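Could you build all of it, start to finish, from the sequences and the hints given here?
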Amino acid sequence: MNDSKSLRSRIAKTVRDIPRSGIRDFFEIVSSREGVISLGIGEPDFVTPWHIREAASQALDRGVTSYTSNMGLLSLRRGISNYIEKKTGVHYNPEDEVLITVGVSEGLDLAIRALIEPGDEVLYHEPSYVSYNPLIELAYGVAVAVETKKENGFRVTRAELEEKVTPKTKVLLLNYPNNPTGAILSKQDIEEIAAFAIERDLIVFTDEIYDELTYDREHFSIISVPGMKERAIYLHGFSKAWAMTGFRMGFTCAPPELTEAMMKIHQYSMLCAPVLSQEASIQALKHADEDIAHMKAEYKKRRNYIHSSLEEMGIPCIRPEGAFYAFADISKFGMTAKDFSLKLLDEQNVACVPGTAFGACGEGFIRCSYATSLDEIKEAMKRIAQFIKTL
Amino acid sequence: MNELLNLLKQNALETPENLAKLLGLTVDEVKQKIGDYEKEGVIRAYQAVVNEEKLDSSVVTTVIEVKITPESDGGFDRIADRISRFPEVDSVFLMSGGFDLLLFIKGRTIHESFSFVSEKLATMPGVISTGTHFMMKTYKQNGIVMHTGEDDERLKVSP
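Protein chains in written order, with our numbering: chain A, 1 to 391; chain B, 1 to 159.
Simulated from the structure, these hints should not be mistaken for lab results.
One or more of the hints may lead you astray.
Unchecked claim - Below, in silico cross-link-like pairs of lysine-lysine (DSSO-like), each with a Cα-Cα straight-line distance of 30 Å or less:
id: 1; chain 1: A; residue 1: Lys150; chain 2: A; residue 2: Lys168
id: 2; chain 1: A; residue 1: Lys338; chain 2: A; residue 2: Lys378
id: 3; chain 1: B; residue 1: Lys33; chain 2: A; residue 2: Lys378
id: 4; chain 1: B; residue 1: Lys33; chain 2: A; residue 2: Lys300
id: 5; chain 1: A; residue 1: Lys343; chain 2: A; residue 2: Lys382
id: 6; chain 1: A; residue 1: Lys382; chain 2: B; residue 2: Lys31
id: 7; chain 1: B; residue 1: Lys9; chain 2: A; residue 2: Lys382
id: 8; chain 1: B; residue 1: Lys156; chain 2: A; residue 2: Lys338
id: 9; chain 1: B; residue 1: Lys156; chain 2: A; residue 2: Lys389
id: 10; chain 1: A; residue 1: Lys150; chain 2: A; residue 2: Lys164
id: 11; chain 1: A; residue 1: Lys296; chain 2: B; residue 2: Lys140
id: 12; chain 1: A; residue 1: Lys150; chain 2: B; residue 2: Lys156
id: 13; chain 1: B; residue 1: Lys140; chain 2: A; residue 2: Lys300
id: 14; chain 1: A; residue 1: Lys378; chain 2: B; residue 2: Lys31
id: 15; chain 1: B; residue 1: Lys140; chain 2: A; residue 2: Lys378
id: 16; chain 1: A; residue 1: Lys332; chain 2: A; residue 2: Lys149
id: 17; chain 1: A; residue 1: Lys343; chain 2: B; residue 2: Lys156
id: 18; chain 1: B; residue 1: Lys156; chain 2: A; residue 2: Lys296
Said to hold, decoys possible - Heads up, incomplete: computed chain A residues facing chain B, CB under 10 Å, no partners named:
id: 19; residue: Val36
id: 20; residue: Ile306
id: 21; residue: Leu374
Unchecked claim - A few chain B residues that don't get close to chain A, going by computed Cβ distances all over 10 Å:
id: 22; residue: Tyr46
id: 23; residue: Val50
id: 24; residue: Asn142
id: 25; residue: His147
In this text, all values refer to a predicted model and were calculated from it rather than measured experimentally.
Every residue, glycine too, gets a C-beta built ideally from N, C-alpha and C.
Following this line, the structure appears as structure tokens:
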């Protein structure tokens, strides 16, 4: 009875049916090699700014090691409320509309589990972050991918959404600035999508974790559109712009009814986010504008470099306007994204993530992260240029 | 500070082609700007930041605080300029606080640095007193951390 086949059969069907992340498979191959230059990393190469680390360590010295309220420290929620209001003009009451989560990952899981009943459809655009589809399926929802196209700069359009919406559609999940494509939406794009959501009476989950990281124009949030706050769950966190991935700090902003529903799941499954991370985040909101500006300026130079290098060697790539990824079109080499990535790794020791890790429509693309030092990016670009000469 | 100068301060060997890519300028624009900076004296030189401790022929760096009498017509400038002209003198700064000039001196031996202080500096008209410190170790210089080989502890591939 204890053989592995019998154990496997006892695993919940939903979990069995979910494929392992393509990222995970690729990670294992890359990890087995020495001296790889990796453009496959989805987190900042900067260390968390020192004053934020200092705040965490001072909190530890003060003996701040207890649970917090389920919702999170009120002073942090107040800080978040001010921060979001300043950015978007939308006020969320820190008492009952802001919930501190363990990364945006938990926030998204809570939002999905709080709203989705078996068979409810969730529209999301692909290529997308790797968690969206599995999290929806784990909640017995139906994940409906809307393909975005390179020709449109990977911006999801109202027409594309109209094609896939059905009476069963309950939620629209957005992620701009986008991982893995680096696309952002204009105010007009957003307004059209908002009008669609209102007409179809959809709840919108908007994952705006990369909103600080745009390089040519400011990000415009869908919650700023009148009538959207009432139907949106805004997901954000400290990982990217503040370079705090390991602190695992996220938050949700949503109307009290939705926040209360998410809080119920959160209180039983997580209890609360780690208190030291919450203390660090209070500091992050107070004094990190210059740090963010500095990191953003660095990413922008790298974005410019990686984009023009790819174009120069004849690999088409939309100019990424946000996040820190370039989504390069390698379809003309007549190989699958996975084969291209494996061969590139094998011959030049450069790791890029095959686009298919982000959904089937990522075929023909590779994701190159520029959250890595300029020297590494330069070397990687040299090697990719050499590599494609041999194809 | 201007982005182009920042990049050159980080790496003076950066090619105009790369600088153009990084800044979204044309190569000609970059060359033109660098030429202007050189002509205007904004860029004074291009130098390597050397980790002396890696070399056998180690250099002794001496830091000297100098009190001087300002001159009625030239203030501190004339004497500071005169001190700057000694080849042993690496850097000279005018400071606020308990002394006036801060000097960085490079010598092959402690004795060499000492004889510079006792024979050339302390005897100079206008110099009231000197305080000499020997530098023990360099951890960071010109924004460059001296030890190398920092590990990137991030996962090699992540979503």
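Cross-check of the supplied hints:
Of the pairs offered as hints, the one joining A/Lys150 and A/Lys168 holds, with about 28 Å between alpha carbons and a cut-off of 30 Å not exceeded. A hinted pair counts as satisfied when its Cα atoms are at most 30 Å apart, and A/Lys338 with A/Lys378 qualifies at roughly 23 Å. At roughly 23 Å between alpha-carbon atoms, B/Lys33 and A/Lys378 fall within 30 Å of each other, so this suggested pair holds. This hinted pair checks out: B/Lys33 and A/Lys300 have alpha carbons roughly 20 Å apart, not beyond 30 Å.
Taking the CA atoms of A/Lys343 and A/Lys382, the gap is near 16 Å; set against the 30 Å cutoff, the hint holds. Between A/Lys382 and B/Lys31 the alpha-carbon distance is near 23 Å, which keeps this suggested pair within the 30 Å criterion. Distance hint between B/Lys9 and A/Lys382 is fulfilled; the C-alpha atoms sit about 23 Å from each other, no more than 30 Å. Taking the CA atoms of B/Lys156 and A/Lys338, the gap is near 17 Å; set against the 30 Å cutoff, the hint holds.
At most 30 Å may separate the alpha-carbon atoms for a hinted pair to count; B/Lys156 and A/Lys389 meet this at roughly 26 Å. Between A/Lys150 and A/Lys164 the alpha-carbon distance is near 19 Å, which keeps this suggested pair within the 30 Å criterion. Restraint check for A/Lys296 and B/Lys140: satisfied, since their Cα atoms lie roughly 24 Å apart, inside the 30 Å limit. For the hint linking A/Lys150 to B/Lys156, the alpha-carbon distance of about 27 Å falls within 30 Å, and the restraint holds.
Restraint check for B/Lys140 and A/Lys300: satisfied, since their Cα atoms lie roughly 26 Å apart, inside the 30 Å limit. Between the alpha carbons of A/Lys378 and B/Lys31 the distance comes to roughly 20 Å, so the proposed pair stays at or under 30 Å and holds. A threshold of 30 Å between alpha carbons decides the hint, and for B/Lys140 with A/Lys378 the separation of about 25 Å falls inside it, so the pair holds. Annotation: proposed proximity of A/Lys332 to A/Lys149 holds, straight-line Cα distance about 16 Å (limit 30 Å).
Simply put, A/Lys343 and B/Lys156 have alpha-carbon atoms about 17 Å apart, close enough for the 30 Å limit, and the pair holds. Distance restraint check for B/Lys156 and A/Lys296: the Cα-Cα separation of roughly 22 Å lies within the 30 Å cut-off, and the hinted pair is therefore satisfied. Taking 10 Å as the C-beta contact cut-off toward chain B, the hint placing A/Val36 at the interface holds, the least distance being around 6 Å. Annotation: A/Ile306 was flagged as interfacial toward chain B, and the flag holds, the nearest CB pair being 9 Å apart, inside 10 Å.
Because the closest C-beta pair between A/Leu374 and chain B is about 8 Å apart, less than 10 Å, the hint holds. With 10 Å as the threshold on Cβ separation, the claim that B/Tyr46 sits away from chain A holds: the shortest Cβ distance comes to roughly 18 Å. With a least beta-carbon separation of about 19 Å from chain A, B/Val50 lies farther than 10 Å from that chain, consistent with its non-interface assignment. For B/Asn142, the condition that its CB be more than 10 Å from all CB atoms of chain A holds, with the nearest at approximately 17 Å.
No Cβ of chain A approaches the Cβ of B/His147 within 10 Å, the least distance being about 16 Å, so the stated non-interface status holds.
Hint compliance for this structure: no hint is broken.
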